[in-house]
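**Q** Sequence:
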Amino acid sequence: MKKIYYFLVAIMAVSCSETSTDNVSKVTNYPLMTLNGERTVVLNQGDTYTELGAVSMAGTEELPVTITGTVNTSTPNVYKLTYTSVNVDGFSATLTRAIVVLSTAPSAIDLQGTFARNGTNLNNVTKLGDRKYICDNATGFTNGSPDNLTLIFYNVDDTKIYAPYQENASSTGISAESNVGTIADKDHFSWVIYASAVFGTATRNFTRI
Numbered sequence: 106m107k108k109i110y111y112f113l114v115a116i117m118a119v120s121c122s123e124t125s126t127d128n129v130s131k132v133t134n135y136p137l138m139t140l141n142g143e144r145t146v147v148l149n150q151g152d153t154y155t156e157l158g159a160v161s162m163a164g165t166e167e168l169p170v171t172i173t174g175t176v177n178t179s180t181p182n183v184y185k186l187t188y189t190s191v192n193v194d195g196f197s198a199t200l201t202r203a204i205v206v207l208s209t210a211p212s213a214i215d216l217q218g219t220f221a222r223n224g225t226n227l228n229n230v231t232k233l234g235d236r237k238y239i240c241d242n243a244t245g246f247t248n249g250s251p252d253n254l255t256l257i258f259y260n261v262d263d264t265k266i267y268a269p270y271q272e273n274a275s276s277t278g279i280s281a282e283s284n285v286g287t288i289a290d291k292d293h294f295s296w297v298i299y300a301s302a303v304f305g306t307a308t309r310n311f312t313r314i
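One rule links them: number in my numbering = place in the sequence shown (from 1) + 105.
Think of the hints as simulated: they come from the structure by calculation, not from any bench.
The beta carbon of each residue, even a glycine, is placed where N, CA and C say it ideally should be.
Any given hint might turn out to be false.
Pairwise CB distance ranges (calculated) [unchecked claim]:
1. A302 x T225: 20 to 28 Å
2. P211 x T255: 24 to 32 Å
3. G218 x G278: 26 to 34 Å
4. S280 x T308: 28 to 36 Å
5. G249 x Y154: 36 to 44 Å
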């Protein structure tokens with residue numbers, strides 16, 4: 106079972122600190138959470154989703170983890186589960202898992218080809234499977250920029266499109282994921298890209314050329 110480790114960013118990579126009030130010192134152990142299994146789970150419609158949970162530690166103490174959100178594998182969509190734990194001092198850690206449920210109907214829309222944003226910024230899409238693709242310029246940024254994002258994405262049900270979180274999606278080390286975007290037809294799609302640097306959250310509209 107693969108374990109992915111994430112750390113509470115706000116703690117600036119330290120798991121404990123010493124605070125002092127009226128000359129009384131106290132050590133705070135911040136929650137460090139481990140997500141069991143993958144951050145992104147891809148299922149076909151009707152498959153069974155098995156929850157693997159997460160483990161949260163504050164020093165040597167294991168903390169309870171609360172999971173919020175639901176998954177309905179009978180309906181193609183992107184479902185998000187949130188895992189939260191809180192230490193005795195009220196400091197919290199949160200992780201998220203995406204469950205992508207793909208339609209089992211053969212896709213009627215093939216998105217392979219070259220798309221453009223603003224008529225000039227090219228995004229080349231390559232088909233990896235019936236509903237799985239990879240693109241080389243997910244934001245429709247300047248052609249040839251080292252910041253261009255290469256993302257694997259999914260055609261969920263011929264109306265919804267989603268690129269799960271991917272680290273180092275650019276040669277400059279930018280990580281990114283998309284919202285659940287919209288497929289208008291085989292020649293048009295749009296989405297918002299949430300990137301760790303450079304890019305804002307404007308809607309990116311693409312047209313086949």
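**Q** So, for every hint listed, does it hold in this structure?
**A** Tested hints:
no. : hint                    : result
1   : A302 x T225: 20 to 28 Å : 23 Å, holds
2   : P211 x T255: 24 to 32 Å : 26 Å, holds
3   : G218 x G278: 26 to 34 Å : 28 Å, holds
4   : S280 x T308: 28 to 36 Å : 20 Å, violated
5   : G249 x Y154: 36 to 44 Å : 41 Å, holds
The structure does not agree with numbered hint 4 stated previously, though it agrees with all others.
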